[in-house]
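Trainee: Here is how the chains run, residue by residue.
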Amino acid sequence: MALTALGAYVLTFLWTARVSLSSARIFPTGDFVGLGQYERLFRNARWLLSLQNLAVYALLFIAACLVLGFLLAVFIDQQVAGEGALRTVFLYPYAMSFVATGLVWQWILNPELGIQGVARRLGFGGFTFDWIVRQETVLYTVVIATVWQASGLVMALLLSGLRGIDAELWKAARIDGIPKWRVYLSIVLPMLWPSLSTAFILLFVMVVKLFDAVVAMTQGGPGTASEVPAKFIMDYLFGRANVGLASAASIVLLLTVLAIVAPFCYARSRALQRSGG
Amino acid sequence: MAVLPPAARVRPRKPLLTPARLGIYAFLLTAALFFLVPLYVMLVTSVKPMAEIRLGNIFALPLAPTFEPWRNAWQAACTGLECEGIRGGFWNSVKITVPSVLLSIAIGAVNGYALSFWRPRGANALFAVLMIGAFVPGQVLLYPLVRALAAAGLYSSLPGIVLVHLVFGMPMMTLLFRNYYAALPQELFMAARIDGGGFWRIFYSLMLPMSAPVMAVAAIMQVTNIWNDFLLGLVFAGSDNLPMTVQLNNIINTTTGERLYNVNMAATLLTSLVPLALYFFSGRWFVRGIASGAVKG
Chain A
1 MALTALGAYV LTFLWTARVS LSSARIFPTG DFVGLGQYER LFRNARWLLS LQNLAVYALL
61 FIAACLVLGF LLAVFIDQQV AGEGALRTVF LYPYAMSFVA TGLVWQWILN PELGIQGVAR
121 RLGFGGFTFD WIVRQETVLY TVVIATVWQA SGLVMALLLS GLRGIDAELW KAARIDGIPK
181 WRVYLSIVLP MLWPSLSTAF ILLFVMVVKL FDAVVAMTQG GPGTASEVPA KFIMDYLFGR
241 ANVGLASAAS IVLLLTVLAI VAPFCYARSR ALQRSGG
Chain B
1 MAVLPPAARV RPRKPLLTPA RLGIYAFLLT AALFFLVPLY VMLVTSVKPM AEIRLGNIFA
61 LPLAPTFEPW RNAWQAACTG LECEGIRGGF WNSVKITVPS VLLSIAIGAV NGYALSFWRP
121 RGANALFAVL MIGAFVPGQV LLYPLVRALA AAGLYSSLPG IVLVHLVFGM PMMTLLFRNY
181 YAALPQELFM AARIDGGGFW RIFYSLMLPM SAPVMAVAAI MQVTNIWNDF LLGLVFAGSD
241 NLPMTVQLNN IINTTTGERL YNVNMAATLL TSLVPLALYF FSGRWFVRGI ASGAVKG
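Chains A and B supply the protein sequences, listed in that same order. Numbering follows this note's numbering, with no gaps: position 8 of the first sequence is 8. Numbering follows this note's numbering, with no gaps: position 113 of the second sequence is 113.
Take the hints with a grain of salt, since some may be wrong.
If the Cβ cut is set under 10 Å, some of the chain B residues that face chain A in the computed set are [what the hints assert, rightly or not]:
| id | residue |
| --- | --- |
| 1 | Leu-28 |
| 2 | Thr-45 |
| 3 | Asn-124 |
| 4 | Leu-126 |
| 5 | Leu-130 |
| 6 | Met-265 |
| 7 | Gly-283 |
| 8 | Phe-286 |
I should point out that these hints are in silico values taken from the structure, not numbers from a laboratory. Nothing here was measured: the structure is a model prediction, and the numbers come from that model. In this text, a Cβ means the ideal position worked out from N, Cα and C, and glycines have one as well.
Let the sequences and hints guide you as you build the complete structure.
Mentor: Take a look at the structure:
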């Protein structure tokens with residue numbers, strides 16, 4: 001059973017690779033055009049823009065989620081009242097779909113009806129927050145919405161990491177008179193490496209699969225300003241019937257993912273083996 | 001959620017209101033506000049009549065609350081050409097999610113069991129493919145799967161979309177069960193072998209009864225994943241089986257006429273009810289589920 005199902009994985013992958021080397025448009029053809037589709041792909045301005053968007057998005061999204069998630073975890077770990085309620089509040093967005101949450105954010109960020117409109121009606125006439133309709137800034141609104149959705153996950157992972165840290169450490173640090181923030185930064189943060197790397201992998205997978213949120217929030221617009229690779233591939237597969245080009249794009253995406261994740265996973269499993277985990 | 005080690009509980013409580021404590025609470029409350037605003041906006045908007053929405057601001061409380069938008073979203077909103085609300089999508093999502101979750105857990109359990117105890121030849125290669133499979137952008141597999149399902153006559157059908165969910169869920173499910181079984185003592189398995197247990201006998205009588213915790217984790221992961229799926233439903237389900245998420249997107253992005261924000265928000269909430277309920281009722285299991293979602297080892 002495992003073999004056939006995995007065969008399906010490998011076969012589909014090989015099939016996509018093969019199609020990416022043909023001139024297929026609506027239907028796959030048997031001809032062989034070498035790397036022609038890849039050349040066309042990298043002359044396609046929209047594809048280049050989508051790659052650039054993904055890089056910017058990945059950097060901002062992952063950094064923001066890790067920082068916010070870490071801060072939330074640390075602050076929640078200070079024996080605050082209502083901890084359970086706060087955890088619930090921070091994590092519930094993760095249970096919801098990107099389609100649903102994207103739509104809400106689209107509305108909150110809508111210049112006429114959302115935050116900007118409300119502020120102006122309250123008398124702040126010059127208040128401007130129209131990122132979602134401006135080409136240069138639209139990508140940041142996707143970052144805001146998806147950070148809102150995913151940072152609770154980082155919080156939960158890091159919090160369970162923090163709870164696993166020996167209380168002796170805190171006693172020792174207090175006796176030595178080391179300020180708390182210093183302990184967090186120099187001692188606790190490195191100790192959280194397993195939780196952090198788990199969080200990083202999860203976030204990275206989300207970045208690569210980024211599609212629903214863009215469709216729900218901006219449909220890739222205005223213009224093509226918030227285009228991302230996953231959406232580019234979908235458009236060329238089904239909308240523009242250019243299967244060869246779309247296949248080439250998905251192979252490029254896959255190779256990029258492997259190039260980043262494989263060394264990371266390797267290092268991580270080596271580290272886990274060494275620590276006997 | 002994480003279990004508090006006993007040592008952490010006895011950490012002495014700090015005095016209540018130092019400036020530092022105020023800072024902590026200020027940060028947490030601001031963050032909580034940021035996380036709650038969309039939910040609040042969804043809730044209040046979904047019970048406002050359109051007249052109030054046109055005039056007022058999105059953060060204002062409803063003056064004349066009405067459940068009309070909820071009724072509309074459920075049974076009258078237009079999801080594309082049809083105007084029967086989102087209830088059809090709800091049942092489609094149920095029809096897709098239930099068999100997909102049950103089957104993918106069953107397959108994951110058997111795969112994980114085979115990989116961790118029987119170690120068939122090529123197990124390592126299989127494992128490597130699985131690892132990659134967990135990271136593959138879905139787009140790489142989409143088109144071949146469309147062609148394969150079309151050839152098998154399953155494209156745009158319920159069995160077709162279930163099959164696709166099985167294929168996409170398999171790497172994660174197999175890894176999850178493999179990691180769980182790999183942590184069980186090997187002696188247990190050896191003893192069962194000596195007693196003459198075969199592949200399936202050991203699985204049914206020994207492994208399954210011990211699998212309850214990992215089953216719960218797997219179920220939570222798969223229910224949220226499959227219920228919230230948009231891409232696969234869009235491509236593979238066919239117009240008769242569109243899941244709720246796809247219908248929701250159609251409702252919201254209908255371009256004709258005035259945007260019925262109250263109906264949209266009610267539909268959004270309806271679509272989110274199942275995963276939210278799962279999250280609220282399963283608490284720490286939910287967290288354990290997403291934590292296991294990361295590939296270990």
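Trainee: Decide, hint by hint, whether the structure agrees.
Mentor: Here's how the hints hold up against the structure:
| no. | hint | result |
| --- | --- | --- |
| 1 | Leu-28 | 5 Å, holds |
| 2 | Thr-45 | 8 Å, holds |
| 3 | Asn-124 | 12 Å, violated |
| 4 | Leu-126 | 6 Å, holds |
| 5 | Leu-130 | 7 Å, holds |
| 6 | Met-265 | 7 Å, holds |
| 7 | Gly-283 | 8 Å, holds |
| 8 | Phe-286 | 7 Å, holds |
Hint compliance for this structure: hint 3 alone is broken.
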